[in-house]
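Engineer: Listed here are the chains, written in short residue letters.
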Amino acid sequence: MDDTAFPGRSVDIELGGQEVITIDLDNLDPNPDDVLDLLKDGQCTVFVWTKLAGEYWRRGYLEAAERIANSAIESFQSNGSTSSLPPIYSLLANIQIAYARKAPKLILKDAQQDIMVSEKSKEYYYNIAAQHLNLGERAGAESGEGVGGTLAFLTRGIQQLATRSMDDAMRSFEGVLAVKPTNLVALLGKARILYARRNFREALRVFQDVLRYNPNCTPDPRIGIGLCLWAMDHKAKAKEAWQRSLEVNPSEWSAQLLLGLEEINASKTDQISEDEKKHAFLTGTKLVERAFHANNRSAAAANALCELFLRKGNHTRALKLAERTIQFADTLAILTEGYLRAGRVAHASGSVSQATKFYTSAVEGQPKNIAGAIGLAQMQALNGEMAAAIHTLDTLIQPPNPQRAIEATVMLASFRAQVRPGVSSSDLTQEKVRSRELFDRVGKDLELEEARTGGHPSSKISHGIAEDVEMHVEIARLWQEENLDRMGKALKEALKISQAAGKTDPRLINNIGVLHHLEGNLLEAQTMYENSLISATALATEEAERWSTTVLYNLARLYEDEGEDNLAKDAYEKLLSRHPEYTDAKIRQAQMLTKANRLNDAHDLLKQTLATQKENAELRAFYTYFLIHSGSPKVAKEFVFTTLKEHDKHDVYSLCAAAWIHYHQSRENRDTNPKALEEKKRGFQRSAEFYDRALQLDPMCAFAAQGLAIITAEDSLGSIAPTRTPGVDEGRKRLQNAREALDIFAKVRESNNDGSVYFNIGHCYYARDEFDRAIESYETASERFYNGQNVPVLLCLCRSWYAKAMKDQSYVAIKSALKYAQAALHIYPNDRAILYNIAMIQQKSAELLFSVKVSKRTLTDLQRVIDSAANAQKLFASLAADKSAVVPYDREIAGHRRKYGDSLLRKAEEHLANQRKFETETQSRLDAARQRRQEEKERIEALERARLEEQRIEAEKLAEERRLAREQAMEWTREARIESDEEKERRPKKPKKPKADVVSGDEGEPKKKRRGKLKKAEPASEQDDDEQAMFSEEEGVEKPAKKRITKKRVVRDDDEEDVNPRKKQFKSKEMLSDTDEEMS
Amino acid sequence: MSLAFLHAHDCSEPHSDAVWGVAWTAKDTAISISADGSVKQWSSIVGQPHPPNAAFPTPHTLAQVSLSVTPDGSKALYNSIEGLTSLWNLENGEVIGTFESFTKKTDESEPSWAVSIHPSGETYASTGASGNVLIHSAKPESFGERRTTLSSGRPKFGMACAYSPDGRRIAMSSETGQIYIFDVESSALSFTFTSHAMSVRSLAWSPDSNLLLSGSEDKRLVLHDVRSAPGAAVASFSGHTSWILSTDISPDGRLGLSGSADKSIKVWDIGARAAVSTIQDTGEVWSVSWRPKVPAVGSPGAFISGGEDGVVRWWRGAGSGGS
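First to last, the sequence lines map onto chains A and B.
Per our numbering, numbering of the first sequence is gapless, rising by one per residue and ending at 1080.
Per our numbering, numbering of the second sequence is gapless, rising by one per residue and ending at 10323.
Quick caveat, the hints were computed from the structure, so don't treat them as lab data.
By construction, the Cβ of each residue, glycine as well, lies at the ideal position given by its N, Cα and C atoms.
Warning: the hint list may mix true and false statements.
Unchecked claim - Simulated coverage check for chain B against chain A, where a stretch passes if three residues somewhere in it have a Cβ under 8 Å from a Cβ of chain A:
1. 10061–10067
2. 10116–10124
3. 10137–10150
4. 10267–10277
Unchecked claim - Okay, derived cross-link-like pairs now, SDA-like style, lysine to any residue, Cα gap no bigger than 25 Å in a straight line:
5. 637(A) / 584(A)
6. 917(A) / 10058(B)
7. 883(A) / 10105(B)
8. 10104(B) / 881(A)
9. 235(A) / 215(A)
10. 10105(B) / 900(A)
11. 874(A) / 10105(B)
12. 807(A) / 864(A)
13. 10263(B) / 787(A)
14. 10156(B) / 880(A)
15. 10105(B) / 882(A)
16. 10263(B) / 562(A)
17. 10156(B) / 890(A)
18. 874(A) / 10140(B)
19. 10263(B) / 755(A)
20. 874(A) / 10094(B)
21. 10156(B) / 633(A)
Stated by the list, open to error - Beta-carbon label-pair distances, calculated as ranges:
22. 630(A) / 10183(B): 28 to 36 Å
23. 10294(B) / 925(A): 55 to 63 Å
24. 612(A) / 10155(B): 46 to 54 Å
25. 634(A) / 10186(B): 38 to 46 Å
26. 913(A) / 10294(B): 55 to 63 Å
One chain only, chain B, in its complex shape:
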């Protein structure tokens, strides 16, 4: 089986440097963060700034490396390369919280690298050099204040973290390839997956919060079932010829998505365990994100990608409508 994804359009005003993170929101806008320090919001229909003529937050002087959007598409959390975390209210365009995580406050605080906002938008998780997951307040009045620390027990750099859609788990992956699943309620480490032996740069949950897809520098994607016994890798997807930089699972849970340093995007049929589409891009594909709305029956849906050239691109399954 193979699917065809067509290039729908590009964003109208590309970033001046690589796009390192993208997210398609529930309100059919797209957020992109870039190495040039800027964050932008786009209308997914036409690829133009959204809302029109609105000013985006002032670009930071350093690159933005991590992005997380609430499921309702009302807030975007992003973090810069040195650890300046910001919360952006997408409805009114205001930055409602900033937190300089690199400013030392206690022994446990550390510069955040990757961040993930809780589905409720109340808290957010971050990971970094210590290999722990820190839970911070995401409320404007106490933004950034540390609530809890979830320890992985191994001081390996945390490359990515992600709240499950049900908000009950946090997955964190390290530079040496381990993946840790924490139970939020008990603040305890549930499982450790050792399916990769190289840095895992991206994690994605299935909509039902049961499956976790990880993309690694070992060029493989591995699908884990967090319900089963520890370490249960359900499937492994190989085909990329370089590091996998980004991954996502479609809202119907049927298709996986990956962007790689081999300058290609691949769509995977999770049931068939096979790549069903490969799109060749011109540069590293740093970030990919499915449209969160479940597509019409028979349509594979749509997604966006952000890459080395600073352009956000919209792709849609052949036969499906653009909107």
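Just chain A, same shape as in the assembly:
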């Protein structure tokens, strides 16, 4: 309304008809009383009233304008000419809207700094404006002029815009524009609506239209143009627009504010130098301050300024500004910002409840505001409301409309990882999994960002997060129990960062050392531990002391693993001299004693430690272990049950130990009467129950899983059931059980890479008659884990090879069986059962070869097994005669075996004879073949010789002919020369030369040819020879295998004979040179 152009700067009021009073509009009396009297007296038209009111308003005398308008209404109503009132009402409405502009949108009842309680809210003014509009409309309607009219529409539109009824406002403005397409007010209104609807392009166009229609239009459309350009990312142009606006209207605050904000934003980019940043920031601050002074009720300016004070630490001012922002904010974004700032101020000044309130308001307004959610979550965490904090952050990053906020994700992950009261262990595990997922996501986001920006984390936040040692340590902790690889990665990252920062945490180094240690990189581990010890000295004394104790313990463990037992012993002693109650060190000492087979010393130490540390679970577990391994399962059983009963009935280790003891007892119970069987079965059942309980408590317990698998594989529960299923079924059942157990073992192997797993897998394959795979598994166990020193594994290998030999009728396999049996006995000579097995294998090898076809065996092997079987006879005799009280085999059966051996060996001669006959025949066939080949060879050689002789004779003949021809030629030449001498005396040389050429050519060519032929012929014959030799060899190859072998053997012998003398020679040479050296 105030931008209507006036033709002159005065207004004439007609009084009583003739008298005209001219009011100079440029010199209005701030007090409108005189003017009012004048107006009332003058019965002026509406135009004059509004004109004057408008003029007062323009000068800022809003109240005067309002009085004029109110008087106008009174005046017109008393005249009864209400029909001319609508413009007045519109004016009034506009005046109210103008009031509203300066009024707070929201009044904080408990504002601390910016108290507005006495003021009226925007709402109030809008309501009055609405009333006026309605009155105006009614007046218009009563007077019959209808509701129309540009003015009414515009006013309505403005009111609607102010109250954010965008669609209605749009309709109002469009209505006006339909009539007057260049109505600036309507255009500006429309542009603002378009802008609010983020239709920046259209809004820009409309703003530009406005500017074109009236370059001096206020409010300045350049502000709008700038905003649109900014939103469309033409920042420089936007800045130009605002600067231009500032030039045109130097007092206008919005341009200043916008420019100020722009400068402040610009100061935050990394592309400019520090000085430039400082400069930009200062300029920006000044502009914002000026804008705020120009309009201290602008929420945006207050907001921007608040940030400054917040940074300066001026919390009082900051809070006032924040509260102002909140109270005057006309958009949600600003409102939220205001709340956030207020929250931050409150947070910074320590009033958590206040801050919580503000943050909550912010989040309620904008549930997806990152800073708000983080702030609220922080407050909730401070208040100990972890669940609420997690919920807040979850809401932020979960759909709908999930926010990609790394910092919030990190916080959430960290919260989730924390142990909270009232959370069950299974929930906690889940939380850990979720936490890890979140950290993973963060990691990926950071990587993506890095990839996008080419190696540099784009924002400070991401950078800060990526370089957060604590975060990496936390990630490491989360992986600790499940994935050492990931843990190692996280720790190494943390170490890298902290090293780059120049301060390494000894704990970090130690942990990485532990990881290396666990992976078996002992040298790296040692370096890490030593480094850790060094950097621990930098800590405070008490801390350093605590710390170096732990590291020293780790180092001692390392020494143990390196086989440096003495160093380890010293280290443990040192530890115990400092901390006599260091149970772990004592346990290790006991373990070292146990390893050295000093069981009594170990036992004493353990008992002594237990006396003071009765409750120590580790110690109890180790003592259980010790008792079982030192062969006192009964004591162990009692001890385990005491542990379970009196200390911790959920102790997984004790449960497993109890299960094992039950299993072992039952298995060792060889009594076969029904009562004992019943007992045995119950033992197995109890064992299974204990394993089951252990698994319930720790589903990842590989030991319990393996124990159960063993029970399954052996069908310990089923096979001793009173009603046993008959043969075939039982076999199938066994296969089935083994299959099931194998599945479990395969899984166990993934988490517990230990020889026992392979050993058990071997058993399962053996039970399934898959001997090759059984052997493979046993061999892995023996070689990779037991260094070939585990007698039971060696015996299982022996058994598997033996079974394979029986199945495949394989002599090679039975030899392997014998080899493993002897290896086992060699390690543990005190086991007569192995000797029995050896005798058995010796006898069986003869039985085996006796049943094999002559062509599949050799005389040497046959002789060997017969010798073996003969030796077995002696062994069986000795075994059967053993008078020891207990023998680990059946003496009677040994006797039977011996008798059986006698009858077996009776056939030996026959077999030997057969074999000899067969081999002699084969040999003679072979000899015959060789003879034939030799003859053939000789025949061919003879032919070849004859041919060569022929060739030689031929060549001689040719040579003779050539000689004759040459002589002939010489003769001719001589004759010719005489002729030419006669003919051409003057030039004797010339003809001589060509003639000589001709002659040599004549002579040479045939020579060459012949020679060529000869040469060709010679190699050809050689080649023939070669080919023949090759051919004959090929023949040999094609002949039956037996022959080849014999031939090869012959050849090899030759070779060896060939080689040996050479070697001898060589050696003696070496010797000689050595003596030389000594002499010199």
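Since the structure of chain A is provided, determine the placement of chain B on it from the hints.
Structural biologist: What follows is chain B alone, placed relative to chain A:
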């Protein structure tokens, strides 16, 4: 200090299974016994069968586990895994005595596990399951006949036994780590050493018969002085990371030697109590033996080793001649 030992050469015809015993004789030959049941004699100079083209005793059907050679290098005594003891005349290649120790004759007889021949070659000692030492005749006409029984008093399996070079003592070690020293003349137990708590698989005397070196599954070698009070462990050598399978002392008494299941050979300076050389092999080193001839001054001497791959290897100190 460290010494370097160079690989001189291998035997020309390896055994078909692990070599479980080797001995370098005074006549510069080497004897090896194997898990394949065979026994062989080699020329130490070139590593070829000695004498050339001679036939060795017929291989037994079971493994040979123990070997002992007379100081003059004229006879080799060896014993198989089940207790077949044989005496081999190295001069003419004949087996001059065999004894099936596992055939029960009296209550005291038992299968021999480890054997050791008296320096005179008149008798030999054996040990086995009873934990006693049995003295047998080593004369061809009465080979194997039991002469005496020396009781350790503890029925723990005897893993190794060895006559002292002066023939006056016998050392025996058990599966539980005790070492017993018997006086031959009085047939009495002199000392018991309890320096190990795990099986002792190998024993070696110093040339002066004063020191005894033991190698155990506890990964340590312990040096004992049999002149001093009982139980006197003079020194302990650690460094092997697995069982020690075999040990020996050099003819000058200065260097110890050990072969281990950790697949390495170590040479120890007895005076300095430290390892002076470590040789990495490819398999378990079941047996080691010094060359009995005292080396030239400044030379550390030479030794042989036998291991899992069936090969006998000759090693010589760097700087010393091959012969």
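Engineer: Work down the list of hints and note, for each, if the structure agrees.
Structural biologist: A quick look at each hint next to the structure:
For a cut-off of 8 Å, the count of residues in the stretch 10061–10067 of chain B with a CB near a CB of chain A stands at 4, and the three-residue condition holds. Coverage of the stretch 10116–10124 of chain B by chain A is violated in this model, with 0 residues showing a Cβ closer than 8 Å to a Cβ of that chain against a need of three. Counting residues of the stretch 10137–10150 of chain B whose beta carbon lies closer than 8 Å to any beta carbon of chain A gives 0, which falls below the threshold of three, so the coverage claim is violated. Given a C-beta distance limit of less than 8 Å, the hint that chain A covers the stretch 10267–10277 of chain B is violated, as 0 residues qualify and 3 are needed.
Among the hinted pairs, residue 637(A) with residue 584(A) is consistent with the structure: their alpha-carbon atoms are about 23 Å apart, no more than 25 Å. In summary, the hint linking residue 917(A) to residue 10058(B) is supported, as the alpha carbons are separated by about 24 Å, within the 25 Å threshold. This hinted pair checks out: residue 883(A) and residue 10105(B) have alpha carbons roughly 11 Å apart, not beyond 25 Å. Proposed proximity of residue 10104(B) and residue 881(A) is supported: the alpha carbons are some 7 Å apart, at most 25 Å.
For the suggested pair residue 235(A) and residue 215(A), the alpha carbons sit about 22 Å apart, so the restraint of at most 25 Å is met. Among the hinted pairs, residue 10105(B) with residue 900(A) is consistent with the structure: their alpha-carbon atoms are about 24 Å apart, no more than 25 Å. Of the supplied pair hints, the one linking residue 874(A) and residue 10105(B) holds, its CA atoms being roughly 13 Å apart against a limit of 25 Å. A distance of roughly 21 Å separates the Cα atoms of residue 807(A) and residue 864(A); the hinted pair therefore holds under the 25 Å criterion.
A C-alpha spacing of about 10 Å is found between residue 10263(B) and residue 787(A), which places the hinted pair at or below 25 Å, so the restraint holds. Only pairs whose Cα atoms come within 25 Å are accepted, and residue 10156(B) paired with residue 880(A) is accepted, the gap being roughly 23 Å. As the CA atoms of residue 10105(B) and residue 882(A) are separated by approximately 11 Å, the hinted pair is consistent with the 25 Å bound. Restraint check for residue 10263(B) and residue 562(A): the C-alpha separation of about 16 Å stays at or below 25 Å, so the hint holds.
Distance hint between residue 10156(B) and residue 890(A) is fulfilled; the C-alpha atoms sit about 23 Å from each other, no more than 25 Å. Of the pairs offered as hints, the one joining residue 874(A) and residue 10140(B) holds, with about 22 Å between alpha carbons and a cut-off of 25 Å not exceeded. For the hint pairing residue 10263(B) with residue 755(A), the CA-to-CA distance comes to about 20 Å; that is within 25 Å, so the pair holds. In summary, the hint linking residue 874(A) to residue 10094(B) is supported, as the alpha carbons are separated by about 23 Å, within the 25 Å threshold.
As the CA atoms of residue 10156(B) and residue 633(A) are separated by approximately 23 Å, the hinted pair is consistent with the 25 Å bound. Against the hinted window of 28 to 36 Å, the Cβ-Cβ separation of residue 630(A) and residue 10183(B) comes to about 35 Å, which satisfies the hint. The given range of 55 to 63 Å is respected by residue 10294(B) and residue 925(A), whose C-beta atoms sit roughly 60 Å from each other. Residue 612(A) and residue 10155(B) have their C-beta atoms about 39 Å apart, which leaves the hinted 46 to 54 Å range violated.
The hinted window of 38 to 46 Å between residue 634(A) and residue 10186(B) holds, with their beta carbons roughly 44 Å apart. At roughly 56 Å, the beta carbons of residue 913(A) and residue 10294(B) sit within the given window of 55 to 63 Å.
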